[in-house]
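Whenever a hint applies, use it, and build me the whole structure from the sequences.
First to last, the sequence lines map onto chains A and B.
Under the numbering used here, the first residue of the first sequence carries the number 1, and numbering increases by one thereafter.
Under the numbering used here, the first residue of the second sequence carries the number 1, and numbering increases by one thereafter.
There's no promise every hint is true.
Covered by chain A, according to a simulated footprint, are these stretches of chain B (three or more residues, beta-carbon under 8 angstroms) [as the list claims (entries may be wrong)]:
#: 1; segment: 24–30
#: 2; segment: 33–39
#: 3; segment: 56–68
#: 4; segment: 81–93
Covered stretches of chain A (in silico footprint by chain B; criterion: 3 or more residues with CB under 8 angstroms from a CB of chain B, positions within the stretch not fixed) [claimed, not checked]:
#: 5; segment: 63–70
#: 6; segment: 228–242
Which chain B residues stay away from chain A? Per the calculated CB distances, all over 12 angstroms, these [claimed, not checked]:
#: 7; residue: 2
#: 8; residue: 3
#: 9; residue: 6
It should be emphasised that the hints constitute simulated quantities derived from the structure, not laboratory data.
Since this is a predicted model, take the numbers as computed values, not measurements.
Don't be surprised by glycine CBs; every beta carbon is placed ideally from N, CA and C.
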Amino acid sequence: MMLGDDLLRWAPELWLSAGALLLLLASVTTRRARHVTSLIFWATWCIAAGSLWFVQLLPHGAAFSHLILLDSLSSVFRWLALGSVGLVGLLLARASDVDPAWRGEALGLLLMVGVGLMLMAEANHLLMAYLSMELVSLGSYCLVGLSRDARSSEAALKYFLFGALVSGIMLFGMSLLFGATGTLSFAEIWNALARLNELSVRVCVLAAALLLAGLAFKISMVPFHLWTPDAYEGAPIAVTALLSVGPKAAGLALVLRVMVALGPMWERLAPTMVLLTIVTMTLGNVVAVSQRNIKRMLAYSTIAQAGYLLIGFVVNSNVGLEALLVYLVAYLFMNLGAFACVQAVCQEPAPAGEEAAPQAVGGESLEAFRGLSRRAPALAASLAVFLLSLAGLPPLAGFIGKFLLFGAAVEAHHPFLALAAVLNSAVALAYYVNIIRLMYVAEAPESAPMPVALSIRAAVAICAAATIGLGLWPHLLLEWLSHLA
Amino acid sequence: MNGLQVMLWVSCAMCALGVYGVLTRRNAVAILLSIELILNAAGLNFVVFGRLYGQVQAQAFTLFIIALAACEVAVGLAIILALYRTAKTVLADQVNLLKG
Chain A
1 MMLGDDLLRW APELWLSAGA LLLLLASVTT RRARHVTSLI FWATWCIAAG SLWFVQLLPH
61 GAAFSHLILL DSLSSVFRWL ALGSVGLVGL LLARASDVDP AWRGEALGLL LMVGVGLMLM
121 AEANHLLMAY LSMELVSLGS YCLVGLSRDA RSSEAALKYF LFGALVSGIM LFGMSLLFGA
181 TGTLSFAEIW NALARLNELS VRVCVLAAAL LLAGLAFKIS MVPFHLWTPD AYEGAPIAVT
241 ALLSVGPKAA GLALVLRVMV ALGPMWERLA PTMVLLTIVT MTLGNVVAVS QRNIKRMLAY
301 STIAQAGYLL IGFVVNSNVG LEALLVYLVA YLFMNLGAFA CVQAVCQEPA PAGEEAAPQA
361 VGGESLEAFR GLSRRAPALA ASLAVFLLSL AGLPPLAGFI GKFLLFGAAV EAHHPFLALA
421 AVLNSAVALA YYVNIIRLMY VAEAPESAPM PVALSIRAAV AICAAATIGL GLWPHLLLEW
481 LSHLA
Chain B
1 MNGLQVMLWV SCAMCALGVY GVLTRRNAVA ILLSIELILN AAGLNFVVFG RLYGQVQAQA
61 FTLFIIALAA CEVAVGLAII LALYRTAKTV LADQVNLLKG
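Okay, here's the thing in structure tokens:
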């Protein structure tokens, strides 16, 4: 295989990396020129999107001496990563909790995280799995600690210490797996695992558990979810939005890849995974009900959503995989849309002539949503759409995804899994509808219309259109996915 | 006990020591040091097994681990410094604004 061919098929990531480095350099040299940095960001994003469209036409297969795998699965996840980077870029453009002088660095780090997310979905080798996860992690640690207040630094510290510990443990698991199988490539690990003796299999089960712990951290699966609420609450809202979608999707992609390698051991791991899936969604939903801070509530909601997503993985079938991809696409739009609305409400600019409101906890409490429907009708309606879609009501995109996921669980003879998921959806409805009640029924503390920045309006509009559109015409998405496969 | 076993015991002990350090230390810098111990345990494993199987890839893996550990320390110390500026402490259990 020619190196030139590989580089051509990997062009989107190359463009993103080049843009990221250029942005980081530009933001150091021209601190004042904010337009330059956003211009570089959007130019890079558009070129990457264009080249990603183009590379789909090229033949699929392994690249760079089988270090990465560019196939239909990675294609879907590359689009997901690029989509989340673009939408988060829109949110970052008007984020008041990120110092404008650092916006260039933030956008550069965002592009770097985007490259990491794509690489996670392409990894075909333990080294690539580790490198891509660290790329995403290191970028996210910096982004979480970006705003200059104590909560942001604390969130970054907690996220960093937990993440570094888990990645160290995962690395130890990888070294044991290598010790037992003698190879680092996923395909060869499968071969080696299929003909192991009993003792080595036990070592491999331990190694696989340690390896999955690192991935569970990325998708915030119980019991590795502890960092999620703190990191989500302390981080700038745009970064929270990124963390809730990007690393989760890429983490699931990497789990799928790793599980291909660990295939011969699936029987031993499956019962634990099914149990943890149920615990993840239940814990997320039950704790979310009692939260008063909107970011913290959405953090627990994303833990629950991770539980739903994991259904598509633990059923271990093609139907499950397709359902997982459909739900991920829906989740990208509905969750990022919800965070865009939250950013519009929590960072409402102070009216001219008045003192800017301090960054207090009050700004992020659920009370901020009181009477929103009278102050910003379009925003309230969009948020209602996103929340109902997250709850899984028809005819929205979330319903299609959940319907397919639960169907996959039933088809794979996991009735308890499906039952738990349905019960959880009922619990989840309680706290999603609570916000809608506050927006539409409760009295507004003030009546002045709420100004919403143009970039946030654009993000909300894109997400709302996709959430409703995918719900009404799901066959478009299904056709696209089957066309890729 | 042959050389391989000795090295495996050493790396397992290092990993266990690292986890123990993370769980018991209060100072964020000390926790960072303990995490480095875990990374080095994994690196040692890769070198040992790489020699056993005659695989150069594993030795290269260790080089990557060393490089990434340096990056992680850079980011980690930056975060600890930022925390010290706002909260005036580096003790991990004294930062508790976020809970619930």
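Going down the list of hints, with the structure as the test:
1. 24–30: n = 1 at 8 angstroms, threshold three: violated.
2. 33–39: With 3 residues closer than 8 angstroms to chain A, the segment 33–39 of chain B meets the three-residue bar; holds.
3. 56–68: holds (count 7)
4. 81–93: holds (count 6)
5. 63–70: violated (count 0)
6. 228–242: holds (count 4)
7. 2: 15 angstroms, holds
8. 3: Holds, since 14 angstroms exceeds 12 angstroms.
9. 6: Residue 6 of chain B clear of chain A: closest Cβ-Cβ about 14 angstroms, beyond 12 angstroms.
The structure fails hints 1, 5 (numbered hints given earlier, in ascending order).
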